[in-house]
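So the sequence lines, in the order shown, correspond to chains A and B.
In this text, residue positions in the first sequence follow the UniProt record's numbering: the first is 1, and each later residue adds one.
In this text, residue positions in the second sequence follow the UniProt record's numbering: the first is 1, and each later residue adds one.
Under the rule of at most 20 angstroms between Cα atoms (straight-line distance), these lysine to aspartate or glutamate pairs were calculated in the EDC-like manner:
#	chain 1	residue 1	chain 2	residue 2
1	A	Lys-279	B	Asp-133
2	A	Lys-279	B	Glu-142
3	B	Lys-279	A	Asp-133
4	B	Lys-129	B	Glu-160
5	B	Lys-193	B	Asp-282
6	A	Lys-154	A	Asp-34
7	B	Lys-159	B	Glu-149
8	A	Lys-243	A	Asp-254
9	B	Lys-154	B	Glu-40
10	B	Lys-279	A	Glu-142
11	B	Lys-193	B	Asp-299
12	B	Lys-279	B	Glu-234
The set of hints was computed from the structure by calculation and includes no laboratory data.
Here the structure is a predicted model, which means the values were calculated and not measured.
Next come the chains, spelled out residue by residue.
Protein chains: 2
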Amino acid sequence: MFKFRLLVSAIALTGSMSVAAAEPLPSVAPAPADNPTTLEKVTLGKMLYHDPRLSSTGTVSCASCHNTMLGGEDNRAVAMGVNGQTGGRSAPTVWNAAFNKVQFWDGRADSLEAQAAGPVTNPIEMGMKSWDDVVARLKTIEGYQHAFEKAFGKDSISKENATKAIAAYERTLITPNSPYDKYLGGDKDAMTKQQIRGMEKAVEVGCTSCHSGPAFNGPGMFQKFPVNSNGYFEAQYHFLKDKGLAEVTKKDSDEHMWKVPTLRNVALTAPYFHNGSVKTLDRAVWLMAKLQLNKELSDGDVADIVAFLNALTGEFPTQTMPQLPATPGSTFN
Amino acid sequence: MFKFRLLVSAIALTGSMSVAAAEPLPSVAPAPADNPTTLEKVTLGKMLYHDPRLSSTGTVSCASCHNTMLGGEDNRAVAMGVNGQTGGRSAPTVWNAAFNKVQFWDGRADSLEAQAAGPVTNPIEMGMKSWDDVVARLKTIEGYQHAFEKAFGKDSISKENATKAIAAYERTLITPNSPYDKYLGGDKDAMTKQQIRGMEKAVEVGCTSCHSGPAFNGPGMFQKFPVNSNGYFEAQYHFLKDKGLAEVTKKDSDEHMWKVPTLRNVALTAPYFHNGSVKTLDRAVWLMAKLQLNKELSDGDVADIVAFLNALTGEFPTQTMPQLPATPGSTFN
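Pulled out of the complex, with its shape left as it was, chain A reads as follows (with noise of 0.2 angstroms):
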């Protein structure tokens, strides 16, 4: 009854916007199922997210990048790993990964225990040689054989079991509770007129065609990106030095191809775009809907939406600090 109501509402609200997206946010995220959420794996999926010795420096966690004291990223047009090295790409926001049918910018890795293993020992990212090393070096950490061993049993150290704990860790990294949400749920104060109208735009425009269901991130969708244009803006901000998809299956239908990022709190992880190089808000909705839609958006319409993404900032939940356990003398050489 509850989720009929919202449906005719949102369909009422916002006229042709599929019923899909007119969905909140969930407040508990779906787990594999062999990788049930338990406390024990959040608690030490949270010390192993945070702890920089998860990098060849010991300076580098996933929360360099993946700040969760921030939205979830680093606001930076390129992601920074060890000994300042830089790739191509801007680092995705962690909060509502869980929502994600495939994880990475270019959709690569299809759950979070498969993404979490990959950046620990990307050589610009976080540098460590093997899995075994990162194994190896979490042995030497008292504390950390008594989480994974509440975790996940006695003698229990491995890529597999620590990847698995930090999935279940991300997936509690959700905001509910946007504007957006409340105004689902029946406050139709929650969002400003100017807000309303954007959502209305958006929909018209045909942003929420790609970007959908309650995460706005068509979950599991790629697009080709940029559709339509006269390669000025592509030149401009180097979009085509980056073949997305295809640098992974080296498949010329591949080249651009993109994973479709969510619009939740997207007004916290400017700059923008695949590589960072669109600085703000108002630029970025511009030239989706010129390069993806080819649509030139007025300013109006460009404020009003830009509004409506402001309502998809959710309420953070209050997180503890973890306390990592102490390194020995002999963790690092």
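Use these hints to put chain B onto chain A, whose structure you have.
Just chain B now, with coordinates in the frame of chain A:
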């Protein structure tokens, strides 16, 4: 009466241990008259302390090197700042730094406020060109305008107030109730027999003649390091490369003079000494006795003293993570 009992029992327990050393760690740190600790300052200071946007690259916060999730430092030999740069010194712990009369290894800052100003504009630490640039950046972040207003009044974003807030937060980073403190408080089972033996040995050998006071930091005391040696250990561990206080004052008499560091939580802060060249606590203890007191400790004495030092690991207060205010698109270039 309570204090009297403490002193009597401490003297009885520790024989020749100085009275000053036998006081438990206070649970509240003193604040200077011009910067009384307030909740609003602590809240703001915690945000600033954990905010990597106080560095040129947006990747290094105070907490990067002085990690409050760990033992208050980074478990590295020497700290790593922006763009992977390293200096010659090991990051001192921030826990209980409020009980140091001077800050930095060379003691060049006489307050937490003065210390907090340093790393932000150090080119190999946080790398900001000037505090004017820091202030300009903070002013673009609306959430900081509000947080400064609550702590210091309207339009109050400044270097002085930022460092005051950081210092106010650091004054809350205290780890009371170590086994040693509980033992002093009358709980005879709080320390093991070996730890009690180690405590007595530390006094007998002379450790506590410098590492004195409740924080075992001889507050305000400078000592020459190393004092006695045949040169072998100095060369092995590169102890003489850095001239300590003389690097600041340029005075010959200050060569190799160093602040006496706290022994609180020392079991968590490997590797050891000003250049982090000594990996384990047992080696550090042996070397200190040899180089400072000209005594060669037996393995058993070293093990006992290390056991005692483990009894100085306190209780770390549960901290919530600050939610850092959003970066507008214009914050970074």
